[in-house]
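As given, the protein sequences belong to chains C and P, one line each in that order. Okay, so the first sequence: first residue is 1 according to this note's numbering, each after it adds one. Okay, so the second sequence: first residue is 1001 according to this note's numbering, each after it adds one.
The set of hints was computed from the structure by calculation and includes no laboratory data. Just so we're clear, the structure is a prediction, and the values are computed from it rather than from any experiment. We put the CB at the ideal spot given by N, CA and C, even for glycine. Just so you know, not all the hints are guaranteed correct.
Said to hold, decoys possible - Pairwise CB distance ranges, derived in the manner of DEER restraints:
hint	chain 1	residue 1	chain 2	residue 2	range
1	C	H91	P	E1161	42 to 50 angstroms
2	P	D1014	C	N29	19 to 27 angstroms
3	C	G64	P	R1090	18 to 26 angstroms
4	C	A138	P	H1064	23 to 31 angstroms
5	C	H91	P	R1249	55 to 63 angstroms
6	P	R1084	C	Q41	57 to 65 angstroms
Said to hold, decoys possible - Below, a list of computed lysine to any residue pairs in the SDA-like style, where the Cα atoms sit at most 20 angstroms apart:
hint	chain 1	residue 1	chain 2	residue 2
7	C	K28	P	Q1072
8	C	K19	P	D1040
9	C	K122	P	R1016
10	P	K1165	P	D1201
11	C	K19	P	N1094
12	P	K1221	C	E118
13	C	K122	P	M1001
Stated by the list, open to error - Part of the chain C face toward chain P, derived, beta carbon under 7 angstroms:
hint	residue
14	G51
15	K124
16	G129
17	R150
18	V154
19	R184
20	N185
21	K195
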Amino acid sequence: MIDIAVVDYGMGNLRSVSKALEHVAPNKNVVVTSQPADIKQASRVVFPGQGAMPDCMRELESRGLRDAIVDAAATKPFLGICIGLQLLFEHSEEGDAAGLGILSGNVKRFSANEMHDETGNKLKVPHMGWNQVYQTQAHPMWKDIADGERFYYVHSYYVQPQDENLIAGVTEYPKRFTGAIAHRNIFAVQFHPEKSQHAGLQLLANFVQWNGQA
Amino acid sequence: MLAKRIIPCLDVTDGRVVKGVNFLELRDAGDPVEIARRYDEQGADELTFLDITASSDNRGLILHIIEEVASQVFIPLTVGGGVREVEDVRRLLNAGADKVSINTSAVINPQLVADASDRYGSQCIVVAIDAKQVGVDASGQPRWEVFTHGGRKETGIDAVEWARKMVDLGAGELLVTSMDRDGTKIGFNLGLNKAISDAVDVPIIASGGVGNLQHLVDGVKIGGADAVLAASIFHYGEYTVREAKEYMRDHGIEVRL
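Please work from the sequences and hints to get the whole structure.
Put into structure tokens, the structure is as follows:
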């Protein structure tokens, strides 16, 4: 019996994600897996991802994981992290790549000519470090997390859902971008909860408790 | 608003944290796991471990230390020192590192930076640049050169050009250490940091020479650093990370408190 499957498709370091989950849920069976059968039988699924989205998509397909991901995203508590959020959408500017298209919308790059703060200082890309996440809707995944709490980000692209009602949290850099989305049993974040100390562990603990309903 | 980061740095040799002056005269500062936990509790934004173990016999020790830290401390961990091939990057990431810092090997084999970032993503590849001022150019501006092997070997490479090249090859972040300042406590080389920060789009970590909290503020405000790295001011209890952050906040810098 697998309580939490962390999807491994060869992109990035999943050790941090599984260690953080084991830390908040010591009695749960957390499995890092690239087997569709494991993802099918798991009670909940964590879908992480690092690196470039076109590579992630290719690796996902070559391991035959698409159907298992699409199925999990439709049926059980599902947490996307970073590229795992971006892959849910239709298309990314990064390498002009198609995503899984589970949700409508696109993945865009921080626009080079907008990367200045209000005093004219250059803002770096990737957006790297601790930034505030403002909760735009109430959700069980935000339980015991203060509005405006800081989480650790590292990314150059962000998602723009077609339906803005999907947005569950926003961050400013310098304009507002999507920090988290919620759709039925899916919750997905651009930041890294596994690297966001207390607040991040709280979010993962909330996921372990979440029944998949908003 | 994005916070400026404070990154305590742990120089590790043979399983112990040490700190030297100008890369010499090493002094014991304690157990790495214990120190990592203390800085995490004080609110460090990330931790950097530099493995300066000389003998290859004890090289594996750093993997155990990172494994142990990564199961207790849930903030980004960067590990550098002795990274020579993509396989070294893989081993460190698997042990629990989030980013790997490449220094001397990037000079010997720049392709390593490209290969590692292709394989694991730019977000986890930090290039460490050790630089020293080597005079002034025709217009009287200071010139910095890259040094390797812990500052002992000059390369003749211009530090600012090198920074641009490393970012082009895939570095997601640069750790800029001023070799003539390291361990001296007289402050960062602000000109060096500013020149590199202006030259590239990726974040810059300033390192080398921090002796007091004003140096951290200057690194951000004058040196254009996105993160500041310090070792001895934290190791020997002069300041806590929290005190450093409060000081920066009081001087108008956005920090995570």
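For the range 18 to 26 angstroms, tell me whether the beta carbons of G64 of chain C and R1090 of chain P fit it or not. At 24 angstroms between Cβs, range holds.
K1165 of chain P and D1201 of chain P: Cα distance at most 20 angstroms? Measuring from Cα to Cα gives roughly 12 angstroms; hence the hint holds.
Hey, does the V154 of chain C contact hint survive, CB to chain P under 7 angstroms? This interface hint holds because 5 angstroms falls under the 7 angstroms limit.
Given a hinted range of 57 to 65 angstroms, is it respected by the beta-carbon distance of R1084 of chain P and Q41 of chain C? Given a distance of about 41 angstroms, which is not inside 57 to 65 angstroms, the answer is violated.
Does K1221 of chain P pair with E118 of chain C here, judged by a C-alpha cut-off of 20 angstroms? holds (15 angstroms)
Given a cut of 7 angstroms on the nearest C-beta pair, is the interface hint for K124 of chain C held or broken against chain P? Holds - the Cβ of K124 of chain C comes within 7 angstroms of chain P, reaching about 5 angstroms at its closest.
Grab the minimum C-beta distance from R184 of chain C to chain P and call the hint holds if it beats 7 angstroms, violated otherwise. Since chain P brings no Cβ nearer than about 28 angstroms to R184 of chain C, farther than 7 angstroms, the hint is violated.
Under 7 angstroms is the threshold here; is the Cβ of G129 of chain C close enough to any Cβ of chain P for the hint to stand? Cβ of G129 of chain C sits 5 angstroms from chain P, so the hint holds.
Hint says 23 to 31 angstroms; check whether the CB-CB distance for A138 of chain C and H1064 of chain P agrees. Since A138 of chain C and H1064 of chain P have Cβ atoms about 43 angstroms apart, the given range 23 to 31 angstroms is violated.
Restraint status (C-alpha distance of K28 of chain C to Q1072 of chain P at most 20 angstroms): Within the cut-off at roughly 18 angstroms; holds.
Is the shortest C-beta separation between R150 of chain C and chain P less than 7 angstroms? holds (5 angstroms)
So does H91 of chain C sit 42 to 50 angstroms from E1161 of chain P, Cβ to Cβ? violated (37 angstroms)
The earlier numbered hints that this structure contradicts are 1, 2, 4, 5, 6, 9, 19 and 20.
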